[in-house]
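*Asks:* Here are the chains, one letter per residue:
Number of protein chains: 2
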Amino acid sequence: MNALQKLESANHNNKFICVGLDTDINKLPESLLKESNPILEFNRRIIEATSKYAAAYKINFAFYEVEGANGLKNIEQTLNYIPQDILTIGDAKRGDIGNTSKKYASAVFNSMGFDSITLHPYMGYDSVSPFLEYDDKLNFILALTSNPGASDFEKLKLSDGSYVFQKVINAVNNWNKKKNCGIVFGATRSEELNENFEHIRDLPVLLPGVGAQGGKLHDVVNAFKEINRKRYLINISRGIIYKDSSDDFDMNAAEEIISLNNQVSNILS
Amino acid sequence: MNALQKLESANHNNKFICVGLDTDINKLPESLLKESNPILEFNRRIIEATSKYAAAYKINFAFYEVEGANGLKNIEQTLNYIPQDILTIGDAKRGDIGNTSKKYASAVFNSMGFDSITLHPYMGYDSVSPFLEYDDKLNFILALTSNPGASDFEKLKLSDGSYVFQKVINAVNNWNKKKNCGIVFGATRSEELNENFEHIRDLPVLLPGVGAQGGKLHDVVNAFKEINRKRYLINISRGIIYKDSSDDFDMNAAEEIISLNNQVSNILS
Numbered sequence: 005m006n007a008l009q010k011l012e013s014a015n016h017n018n019k020f021i022c023v024g025l026d027t028d029i030n031k032l033p034e035s036l037l038k039e040s041n042p043i044l045e046f047n048r049r050i051i052e053a054t055s056k057y058a059a060a061y062k063i064n065f066a067f068y069e070v071e072g073a074n075g076l077k078n079i080e081q082t083l084n085y086i087p088q089d090i091l092t093i094g095d096a097k098r099g100d101i102g103n104t105s106k107k108y109a110s111a112v113f114n115s116m117g118f119d120s121i122t123l124h125p126y127m128g129y130d131s132v133s134p135f136l137e138y139d140d141k142l143n144f145i146l147a148l149t150s151n152p153g154a155s156d157f158e159k160l161k162l163s164d165g166s167y168v169f170q171k172v173i174n175a176v177n178n179w180n181k182k183k184n185c186g187i188v189f190g191a192t193r194s195e196e197l198n199e200n201f202e203h204i205r206d207l208p209v210l211l212p213g214v215g216a217q218g219g220k221l222h223d224v225v226n227a228f229k230e231i232n233r234k235r236y237l238i239n240i241s242r243g244i245i246y247k248d249s250s251d252d253f254d255m256n257a258a259e260e261i262i263s264l265n266n267q268v269s270n271i272l273s
Numbered sequence: 005m006n007a008l009q010k011l012e013s014a015n016h017n018n019k020f021i022c023v024g025l026d027t028d029i030n031k032l033p034e035s036l037l038k039e040s041n042p043i044l045e046f047n048r049r050i051i052e053a054t055s056k057y058a059a060a061y062k063i064n065f066a067f068y069e070v071e072g073a074n075g076l077k078n079i080e081q082t083l084n085y086i087p088q089d090i091l092t093i094g095d096a097k098r099g100d101i102g103n104t105s106k107k108y109a110s111a112v113f114n115s116m117g118f119d120s121i122t123l124h125p126y127m128g129y130d131s132v133s134p135f136l137e138y139d140d141k142l143n144f145i146l147a148l149t150s151n152p153g154a155s156d157f158e159k160l161k162l163s164d165g166s167y168v169f170q171k172v173i174n175a176v177n178n179w180n181k182k183k184n185c186g187i188v189f190g191a192t193r194s195e196e197l198n199e200n201f202e203h204i205r206d207l208p209v210l211l212p213g214v215g216a217q218g219g220k221l222h223d224v225v226n227a228f229k230e231i232n233r234k235r236y237l238i239n240i241s242r243g244i245i246y247k248d249s250s251d252d253f254d255m256n257a258a259e260e261i262i263s264l265n266n267q268v269s270n271i272l273s
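As they're listed, the protein sequences go chains A and B. Position 255 (the first sequence) corresponds to 259 in my numbering; numbering is contiguous. Position 79 (the second sequence) corresponds to 83 in my numbering; numbering is contiguous.
Careful, some of the hints might be misleading.
No distinction is drawn between identical chains; accordingly, a pair holds when it is met within one copy or between any pair of copies.
[Claimed, not checked] Pairs of lysine-lysine, DSS-like flavour, derived with a Cα cap of 25 Å:
id, residue 1, residue 2
1, K220, K181
2, K159, K171
3, K247, K106
4, K234, K220
5, K10, K161
Bear in mind the hints are in silico, worked out from the structure with no lab data behind them.
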């Protein structure tokens with residue numbers, strides 16, 4: 005299965021929750037700290053407990069890069085724990101001039117083997133195009149993000165009356181010749197989703213911002229239900245993996261994602 | 005010396021050339037391939053030969069990340085070869101929500117020990133602010149880049165008549181409370197520099213795009229000379245480090261930067 009097929013297959017089975025592995029050594033259950041590699045053991049147990057219920061796993065590179073070379077090894081090892089049929093997202097937010105982006109694409113898609121990546125649009129088409137050459141991958145390009153700073157540039161109003169982030173979404177549609185593009189669209193305000201479906205069209209959407217950042221699961225699922233479409237992932241990181249800091253953190257994470265899946269199913273049925 | 009002082013000290017000594025270490029295993033002199041770590045040996049010799057003449061060294065992360073964990077080790081080892089008084093730039097082009105940017109900042113500034121970093125502005129203030137907490141570092145935020153895609157979003161015209169990249173520059177001036185901000189401004193068209201000095205004001209400027217990307221050294225230096233200001237770095241990567249692929253690549257790189265420094269001095273005198 006290619007990346008898009010993995011996403012569609014998950015959605016077909018009513019799985020929409022992406023588990024964000026923002027694994028922070030300072031937030032691990034104390035019982036894990038005696039392990040030789042606490043971060044890796046945490047990820048292993050989280051994945052083992054949740055993989056039946058997860059639509060995707062998103063690895064936030066910053067949390068691993070802060071550990072240097074060992075952190076990169078932990079990313080690679082973590083990928084080995086994720087079943088082949090589940091979409092993996094390298095949340096790396098890369099984007100540079102062409103010959104540099106080519107190296108980043110090779111690092112994340114070839115060397116590490118991720119199914120998909122998150123990208124910055126700021127530098128335009130040629131900064132993204134080396135990633136688009138990978139037919140079987142998915143490139144989630146930042147459109148409207150879930151943080152307060154989204155107002156600073158993403159929501160600037162252009163001379164034609166549209167917003168910068170809408171130009172990005174329209175461009176991503178043009179770049180999507182190989183059906184390997186998607187967007188990141190913050191789920192903090194669901195009315196913004198409704199207002200922008202005409203731009204988003206059928207692009208896959210990765211939605212951060214539900215939970216810790218204030219977005220509501222119900223509103224997001226409902227917005228997609230109303231236009232009768234799928235191809236989306238709701239990312240939840242801290243709300244799942246740090247649901248509980250006891251020795252049973254993995255079982256509690258599983259319970260949480262099961263509960264989230266049930267909420268989604270109830271809204272969709 | 006903090007990062008800004010290193011930049012100012014270099015400029016004071018008429019050094020404006022930043023050597024970009026875009027070190028690619030496929031482009032190394034054949035004689036190096038027998039070394040146990042050809043990339044590191046290449047960087048060591050380039051730095052040893054050029055450090056008297058370089059204003060700064062910029063390490064392009066993509067070229068190292070593509071080698072996985074070993075690549076990260078090469079970044080750290082390369083930093084050890086750079087004399088303490090020369091500015092180091094981690095060309096990582098990071099930018100994410102606050103709690104994630106905090107990790108990236110710690111990775112590049114604390115763990116690796118870079119003096120400065122390049123950042124994506126797209127996600128706005130809170131995506132940059134964790135980097136701004138480091139008083140003694142420099143944050144070069146992408147404004148107008150040197151690639152063709154700069155036209156796609158950076159040069160979109162806003163409803164008030166200005167361009168997106170100008171809003172970024174104005175914002176960076178507002179974020180510069182601790183005098184630890186700068187911008188990246190592509191040097192492909194020097195008239196754009198002249199037209200935007202009123203926005204740039206006294207921000208340090210990192211200028212890519214001279215050489216392989218088509219910008220002219222003379223025009224850039226002249227633009228700054230005309231307004232009688234310094235605080236800038238002209239990055240040249242391939243034009244210096246791959247000047248020559250013989251065994252004397254390091255001496256040829258040194259000759260090239262000496263020649264560039266002489267050109268600059270001639271313009272300034």
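*Asks:* Reference check for the pair K159 and K171, CA-CA at most 25 Å: within, between, both, or neither?
*Replies:* Intra 10 Å, inter 12 Å, cutoff 25 Å: intra and inter.
*Asks:* Up to 25 Å between alpha-carbons, please classify K10 paired with K161: within, between, both or neither.
*Replies:* So K10 and K161 fail the 25 Å test inside a copy (36 Å) and across (39 Å) alike.
*Asks:* Go through the copies and call it for K247 and K106: within, between, both or neither, with a Cα cutoff of 25 Å.
*Replies:* Between copies, since 22 Å is at most 25 Å while 38 Å is not.
*Asks:* At most 25 Å between CA atoms: does that hold for K220 and K181 within a copy, between copies, both, or neither?
*Replies:* Neither, since 33 Å and 36 Å both go past 25 Å.
*Asks:* Have a look at K234 and K220 and pick one of within, between, both or neither, based on CA distance no larger than 25 Å.
*Replies:* Within. Shortest intra-copy distance 17 Å satisfies the 25 Å Cα cut-off; inter-copy 50 Å does not.
The structure is inconsistent with the numbered hints 1 and 5, although it conforms to all the rest.
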